[in-house]
Structure formats: structure tokens, C-alpha cells
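Trainee: Chain by chain, the residues:
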Amino acid sequence: QQQVKQSPQSLIVQKGGIPIINCAYENTAFDYFPWYQQFPGKGPALLIAIRPDVSEKKEGRFTISFNKSAKQFSLHIMDSQPGDSATYFCAASSGGNTPLVFGKGTRLSVIA
Amino acid sequence: DTEVTQTPKHLVMGMTNKKSLKCEQHMGHRAMYWYKQKAKKPPELMFVYSYEKLSINESVPSRFSPECPNSSLLNLHLHALQPEDSALYLCASAWVGLGEKLFFGSGTQLSVL
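Going down the list, the protein sequences come from chains P and W.
All residue numbers for the first sequence refer to my numbering, where the first residue is 1 and numbers rise by one.
All residue numbers for the second sequence refer to my numbering, where the first residue is 1001 and numbers rise by one.
Among the hints, erroneous ones may be present.
[Claimed, not checked] Pairs of lysine to aspartate or glutamate, EDC-like flavour, derived with a Cα cap of 20 Å:
hint	chain 1	residue 1	chain 2	residue 2
1	W	Lys1101	P	Glu59
2	W	Lys1101	P	Asp53
3	P	Lys42	W	Glu1003
4	W	Lys1041	W	Glu1067
5	W	Lys1101	P	Asp31
6	W	Lys1041	P	Asp84
7	P	Lys42	W	Glu1024
[To be verified] With the Cβ distance kept under 8 Å, some of the chain W side facing chain P (calculated, not the full set):
hint	residue
8	Ser1050
9	Val1060
10	Pro1061
11	Glu1100
12	Gly1105
13	Ser1106
14	Gly1107
Read the hints as simulated data drawn from the structure, not as lab findings.
From the three backbone atoms N, C-alpha and C, an ideal C-beta is built for every residue, glycine too.
Model the full structure from these sequences, guided by the hints.
Mentor: See below:
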């Protein structure tokens, strides 16, 4: 019930491609869905987040698509660059002080 | 200042040593967290402090002892660790009531020999 299932585990795309990372959840109490980006040797950093009242959110080259009925959300990276190579974690929260539930992560490599 | 600062960046310790990890933030956040992260895994929550009081302890072994001396500082005291405790230890902070928006430090890479 508390899990967030993330796929794929790893992803390799060419520069300029659009990698897509998918997450699914079961707990309908979740109401906040962030994505964190982590570079080697660094802590995760909040990239973009969405709440269930919208189906899509864009920030620069990053887009979250959200499907409430399917209980799925995904991250799209437009015009991907080698500098986007990192591990991406989706997460979910039921708000307030409830700890985040993280997906297992996706290692993205963008090759020139 | 939007940084969470952790020291040291790297630490090697023997199983009989006592050491401490330190974390500092000056964003006015009153919720502070310790996470453990193994290679290629997501962060695992260890402890949460809210207004300098321990609010969540995720059944962490007593060889890990957290301390929150004031609203800006968080320590993790380590004693008699095991090799399997080797990991990246991450500190994070957030506004109370907004625990979903975490600000992470860069972590301390701990190796237990």
C-alpha cells in the first residue's frame, strides 16, 4: 500500500531524446508527487512536483504527467542533455509531516 | 542561504570507534531528517526531528544516536558500527508541515572497517 513502483531501473538515450520515467502507486491518500534528481556524490534535489488536481506540469525542459484514475505519474525530459545524466527518484506523500515514500530510482545516461 | 551543510564529507571508522556526523541549515526550517542511502538505492528514513524533538524513529539500531542541539543543528552519533552500516548518510530539512519538500545536504560517505 505504501510502495511507489518506478520503472525503468536504467535508461540510456541519445542527446536530444525524450527519456520517460514512470511511477505507479496504490495509496489513494497520496496527494503530492515530487521528483528528485541526484548526481553522484550529492544529495537528492527537488526537481519538480505535482498535486492530483492537475494532469500536467512543466518546468523548463521537465514535465510531469499525472493520471489520477490509473494512479500513475511520469517524468519527461525534453531535449535531454549529457548534463541530465543522473539518478531520478519519484516519490509520494500524503501531506503534512508524513515522510516521503521513494521509488527505487532510475539511472539515466544521456550520450552525445 | 538555501544550503544544508554536512560534515565530514567522508569518514572511515573502525567498529570500536565513536564518531559524529554534523548537519547545519540556516533556512529557518524546524524539521530535520537523517536518511541512510546505500549505493543504487533510494534514501531510507532514519530519524525526524520537529521543533528539536524526535518525532520519528524508524526502528534504527541504538548504535545510531541522533541529537538536535538547536533549530539549526543536527548530529548523528555513531558507536560500535558494523561494516553493513557503510553508506551515504544524508541530512535534510523542511518547513514543519511541508515534509514533502525536502532540502538535502550532500551527505557523509561512511565506511566502517
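Trainee: None of the hints should be skipped; say for each whether it holds.
Mentor: Quick rundown of the hints versus the structure:
1. A C-alpha spacing of about 16 Å is found between Lys1101(W) and Glu59(P), which places the hinted pair at or below 20 Å, so the restraint holds.
2. Proposed proximity of Lys1101(W) and Asp53(P) is supported: the alpha carbons are some 18 Å apart, at most 20 Å.
3. Restraint check: the Cα-Cα separation between Lys42(P) and Glu1003(W) comes to about 12 Å, which is no more than 20 Å; the hinted pair holds.
4. Restraint check for Lys1041(W) and Glu1067(W): the C-alpha separation of about 26 Å exceeds 20 Å, so the hint is violated.
5. Proposed proximity of Lys1101(W) and Asp31(P) is supported: the alpha carbons are some 13 Å apart, at most 20 Å.
6. For a cut-off of 20 Å, the pair hint linking Lys1041(W) to Asp84(P) stands: about 19 Å separates their Cα positions.
7. For the suggested pair Lys42(P) and Glu1024(W), the alpha carbons sit about 16 Å apart, so the restraint of at most 20 Å is met.
8. For Ser1050(W), the shortest C-beta to C-beta distance to chain P is roughly 6 Å, which falls under 8 Å, so the interface hint holds.
9. At about 13 Å, the closest approach between the beta carbon of Val1060(W) and any beta carbon in chain P exceeds 8 Å, and the interface hint on this residue is violated.
10. For Pro1061(W), the shortest C-beta to C-beta distance to chain P is roughly 19 Å, which exceeds 8 Å, and the interface hint is violated.
11. For Glu1100(W), the suggested interface contact is upheld, since its CB lies about 4 Å from the closest CB of chain P, less than 8 Å.
12. Against a cut-off of 8 Å between C-beta atoms, the interface hint on Gly1105(W) holds, since the closest Cβ of chain P lies about 5 Å away.
13. Taking 8 Å as the C-beta cut-off, the interface hint given for Ser1106(W) holds, the closest approach to chain P being about 5 Å.
14. This hint holds: Gly1107(W) has a C-beta 5 Å from the nearest C-beta of chain P, less than the 8 Å allowed.
In this structure, the earlier hints numbered 4, 9, 10 are contradicted, and the remaining ones agree with it.
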